[in-house]
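J.: Listed here are the chains, written in short residue letters.
Number of protein chains: 4
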Amino acid sequence: MPAPFFARFTVSGITLRRRHLFHLLFDQRTRSARRVEAFCGLMALLSVIVVFFESALMTRHAPAPPHPGLWLGIEIAFTLFFTLEYLLRLVLSPKPARYAFSFWGILDLATLLPLYVYWLWPEIAVSYLFIWRAMRAVRALRILKLLRFMPSLRLVGEAVSNARHQLILFYAFIAIVMVVAGALMYGIEGGENGFDSLGASVYWAVVTVTTVGYGDLTPHTAAGRVVASLLILIGYSVIAIPTGILSSQMTENLQRRRQARRCIHCRTADHKLDAIYCHHCGAALPRLKR
Amino acid sequence: MPAPFFARFTVSGITLRRRHLFHLLFDQRTRSARRVEAFCGLMALLSVIVVFFESALMTRHAPAPPHPGLWLGIEIAFTLFFTLEYLLRLVLSPKPARYAFSFWGILDLATLLPLYVYWLWPEIAVSYLFIWRAMRAVRALRILKLLRFMPSLRLVGEAVSNARHQLILFYAFIAIVMVVAGALMYGIEGGENGFDSLGASVYWAVVTVTTVGYGDLTPHTAAGRVVASLLILIGYSVIAIPTGILSSQMTENLQRRRQARRCIHCRTADHKLDAIYCHHCGAALPRLKR
Amino acid sequence: MPAPFFARFTVSGITLRRRHLFHLLFDQRTRSARRVEAFCGLMALLSVIVVFFESALMTRHAPAPPHPGLWLGIEIAFTLFFTLEYLLRLVLSPKPARYAFSFWGILDLATLLPLYVYWLWPEIAVSYLFIWRAMRAVRALRILKLLRFMPSLRLVGEAVSNARHQLILFYAFIAIVMVVAGALMYGIEGGENGFDSLGASVYWAVVTVTTVGYGDLTPHTAAGRVVASLLILIGYSVIAIPTGILSSQMTENLQRRRQARRCIHCRTADHKLDAIYCHHCGAALPRLKR
Amino acid sequence: MPAPFFARFTVSGITLRRRHLFHLLFDQRTRSARRVEAFCGLMALLSVIVVFFESALMTRHAPAPPHPGLWLGIEIAFTLFFTLEYLLRLVLSPKPARYAFSFWGILDLATLLPLYVYWLWPEIAVSYLFIWRAMRAVRALRILKLLRFMPSLRLVGEAVSNARHQLILFYAFIAIVMVVAGALMYGIEGGENGFDSLGASVYWAVVTVTTVGYGDLTPHTAAGRVVASLLILIGYSVIAIPTGILSSQMTENLQRRRQARRCIHCRTADHKLDAIYCHHCGAALPRLKR
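Protein chains in written order, with our numbering: chain A, 1 to 290; chain B, 1001 to 1290; chain C, 2001 to 2290; chain D, 3001 to 3290.
The set of hints was computed from the structure by calculation and includes no laboratory data.
Check each hint, because a few of them may be wrong.
Stated by the list, open to error - Output of the computed footprint for chain C on chain D, the stretches with three or more beta carbons under 8 Å from beta carbons of chain C:
hint: 1; segment: 3207 to 3215
hint: 2; segment: 3227 to 3233
As the list claims (entries may be wrong) - Short derived list, chain D residues pointing at chain A, Cβ under 7 Å:
hint: 3; residue: Ser3055
hint: 4; residue: Ala3137
hint: 5; residue: Leu3147
hint: 6; residue: Leu3254
Even for Gly, the Cβ is constructed at its ideal location relative to N, Cα and C.
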């Protein structure tokens, strides 16, 4: 942690304290900051759980849940907490503008909005209760922040990054297949079977190729069923390709990492990933970076 | 089997016989105990098959199956058998309390409950016939016990255990995606299309991301269909990740085991997994632990 | 082909000719027999295509297709061909009884039945037209015979055979999960939502775990939706296991075969699977058995 | 680029200029031609997006979108562009006949048709508006042309090509299973449950085995549900096979390419795919062909 050392030479004492607090609270390299992050994630999780309970209590006959004051109070408490956190982050950050316009900064800001929307335009929160509540549930995205620092993300991320050209190729191919199949079904089935716009037909193609198959739009003519069967078989075949690509990249990565672990005494490589001692000379192996 | 040897020195003859019986009946390292286990599993299977037949005989017009006495009799016989087995296990076990509160102990106890519920509160078994019968079918869980000892579980288990960090990361990510997508659909589609609570919306997201796609809840607005298509494509993409993770771990494990088989004469490694003789000097290879 | 040589020493000339004909027509090691097999497969394919056209011509308003005589004539011609083939196989086979009771023998016999059923009990073919026609379409199974001799079957077959213990374990686990989930839903949802027998509930579990998701049976209660979501997530997770098992076994097999190709001059191994010359000394490599 | 050099020696100046233009515009080895190709792909994409907007503006109450003249004008502009491109390709190509009857030539021609159909038979474009619009959306296929030159296609293509025998075997097997299952359901369920022709039954089998599961055709009898469950379990099992085949082939290819990268100084092989220097002697490695 070289930052306090550097901060010692700054002119103003306020800056010194600011930096100190930043490292204590938000610098992911310190243990205390990771705990703060985990606590904020927990609060986001709790606030989402509360919205779920509130929504579940609302029935068809009673459009508003009982005890509206209680739920509003909880919402205010959460918003206060998140506002405090946002302001602290903004004030303490060494580059506030960069934080404010980063993905995580915008997400943190969006977390606060629901209550302020409710205060400024209460008619929105009443008429569009569903949208207002949905805004609050989107807070779950904040938990993604915690996943950023899991070390196992690296292995998956590396495989995806190595295979990116092939994956882009694959998705471009699938997208074209979906558009063409949607267009064919639009021409064959027409409006009376639900395929009333090209968009709806492509929605059908997405639902079909990915093997979801809701069944809200289905072919009713013989020709439509033949085209649908062909599309399904194409989708069924190509689903193996991204899996194959990722499997081979991950196998490759695992082998590479195993062979990269070389005993510093006898130079033997190819140790098991969780080995602690060299299988040839018994010396301690360098630790594996997960 | 050091236990009979150790038992010889115990003070009481009853303890000696108890230990002997325990090893004979329930210690998985003896062949007789494995046979007892297989027989108990068979009884559980039979009792489940009986419940299935009983339920199939019940039609919409006749809520109770014919010959109710016959079915009750069979149920009593099975319960007697399982009660006897449970008592024996409890009495003979060297640590009865540990057994009683272990997962398998609680499961064995749960197996007995349906009949005793029927005797104590017969009105439950009549009014909640479906629940009472479901309790009896849950006995199928006991067959899981038999799978514990299959040696091939180790290879799968090892791969899952090595990849646990990545799998946890994956499921956390999927869970967040599901909650956010459910919230968005709740806001967009609203109550009139079936998305009447956040819970129902997340149920829809689970059914969609996993490509099950029942079609009981489907988007009806254009915006909802766009969000659904995006969610489906995300689900379709990430389904390749756990498969890739497990495939690479299992490939790694298989190679490791192959290279670990080294001829004790000429030190050549890398034999085929089912090889019996060294491919270099012809000496017999050590047996492979499956 | 040692058989004609051996046949030369048999006593009767009929046996000699019989053996000769058998090798010519049905012994898969001769080229002419493989052509006969392919021709019989083609006839089976044609007969299936005819049944499909016949069934497609039948509309809701006209339960019988036009020109019934034409379709019956074609059916008689196919049956005559298959009868002749069956009798020839039976007569020429060195072990007629073994052929008659083998899987393929019974299948060949079943191929003939529809017409004879029509002649003996014409009322069946009229009242149960659907079943009668289905019997004729099952002839498609005969084409499986042709796949038996494709050499690439070996690689897939070897991987499945090596992984059989793990696959059995996997299917046993999935079966237990399905029974338990079906029982839970039977207890929770009850008869009014379509879960009116344990069999129907297990059918629902099969449709759900495998991500087919017809939507004919769906949970309607909140508790049922929670159980369904959990079951779906379990199914989604375990679907990666058999793929991982087969991928790792096939990767292992491919590597083994590559390393098994050793140059007979310089003993260098590890050649590309489609290499023709040794990459180290340039000598011709032994041919790869596909 | 030896072509301009060769063109210098041709007799006619027109041929010289023609060749020059061909290389400049359509020879994929020059950078300018690749840009022309990308621009044409972009125009195809734009024309498809326009058709989607046009179709989305059409509602159930207003069968024609507003401003029909605007949409027709845009269509004329696109058709003029594609006509110009087609004529240029045809005139400049060294082998015009070969281009005209190649897959891409026919596709380029099909791109032009919708407007000429509209001019020659306007009644078609009005009565069969859906089909006419579908023809325009099929232009998306032209974007496939751009994917041809992506280098990562090679790795996927090589794996598919190496595994072609196994994949053919797999699809033949799946096709037979689908026909037999369709026939069984046709016989068991019969016409009253929607299985009113063998074609419809096979459509059901395709939708089921591939785990799409629309739910428009579902089994209603107990026997039908048993057959459907078995078919679903077969489909669920074999879905792992093509994934396993492709994964193993791709793993094999990746390893081969890694081992093929040998340092030209010290002959060490087995470098990481994105390594730039030899990990043993530090010399620059030959570049990897992606």
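J.: All hints, please: hold or fail.
T.: Hint by hint, here is what the structure shows:
Evaluation of the coverage hint for the segment 3207 to 3215 of chain D: fulfilled, as 6 residues show C-beta separations to chain C shorter than 8 Å, against a requirement of three. Judged by the Cβ-Cβ criterion of 8 Å, the segment 3227 to 3233 of chain D is covered by chain C as claimed, because 4 of its residues qualify and three suffice. Taking 7 Å as the C-beta cut-off, the interface hint given for serine 3055 of chain D holds, the closest approach to chain A being about 4 Å. Taken as an interface hint, alanine 3137 of chain D checks out: its beta carbon lies about 3 Å from the nearest beta carbon of chain A, inside 7 Å.
For leucine 3147 of chain D, the shortest C-beta to C-beta distance to chain A is roughly 6 Å, which falls under 7 Å, so the interface hint holds. Interface restraint check: leucine 3254 of chain D against chain A, minimum CB-CB distance 5 Å, threshold 7 Å, status holds.
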